[in-house]
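K.L.:
Sequences and hints are given; from them, build the entire structure.
Numbering-wise, this note's numbering comes out as the position in the sequence shown, counting from 1, plus 1.
Computed beta-carbon distance windows for the label pairs:
(1) Leu52 <-> His125: 29 to 39 Å
(2) Glu30 <-> Pro51: 38 to 48 Å
(3) Glu30 <-> His125: 36 to 46 Å
(4) Glu110 <-> Thr171: 19 to 29 Å
(5) Val163 <-> Glu30: 35 to 45 Å
(6) Glu30 <-> His68: 42 to 52 Å
(7) His125 <-> Leu148: 30 to 40 Å
Calculated directly from the structure, the hints in this document are not laboratory data. We treat Cβ as the ideally placed atom computed from N, Cα and C, and that holds for glycine.
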Amino acid sequence: MKNYTTLLLALALPFTLAACRREAPQAVEAPPRPWYAPEPWQAGPEAPQPLLQTVWKLSHLPVDDHHPAVQLVPKSQAGFVIFEADGRRITGFAGCQPLTGIYRLHGEEGLAIEAVARTGARCHKAAFDTIGDRFATALSTATGYRLGKDDAVLELLDGERVTATLIYRTPPPGRW
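P.N.:
Structure follows, in structure tokens:
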């Protein structure tokens, strides 16, 4: 009986050890993205961009006396501005409203934006109205700007104070 048990253990041991052996983890491919799912936006950083003819998207509004800081993701449509090369016009969007205005450059980093006009329409979410109002104010009170040296970042300045941070990110195909 003892020999039979020993023989049985001797035969079972290799199978038991083989079952316990750890396999190296195999790389798992991500499932293909469905046709209706949008491509992700690039998180950055990106090569610096010129002030003019770039779609600058609102990324950050700092804390102020009445509002907390706001951080937006690159795919957000809450605000953007384009400084047109012809005619010194700006076009864009603030909250839920189209935005236009006139800008003047002074020296290396001086900026004045005047006649900022919006449609006056209000959003269905009050948070977008607040963001749009703060963005329009940041544009209207800008006295200067600063472009990022290592990333596609534009800071609007009121004196030395940053009033809004905008970014450029290469959009995925089919997006702007």
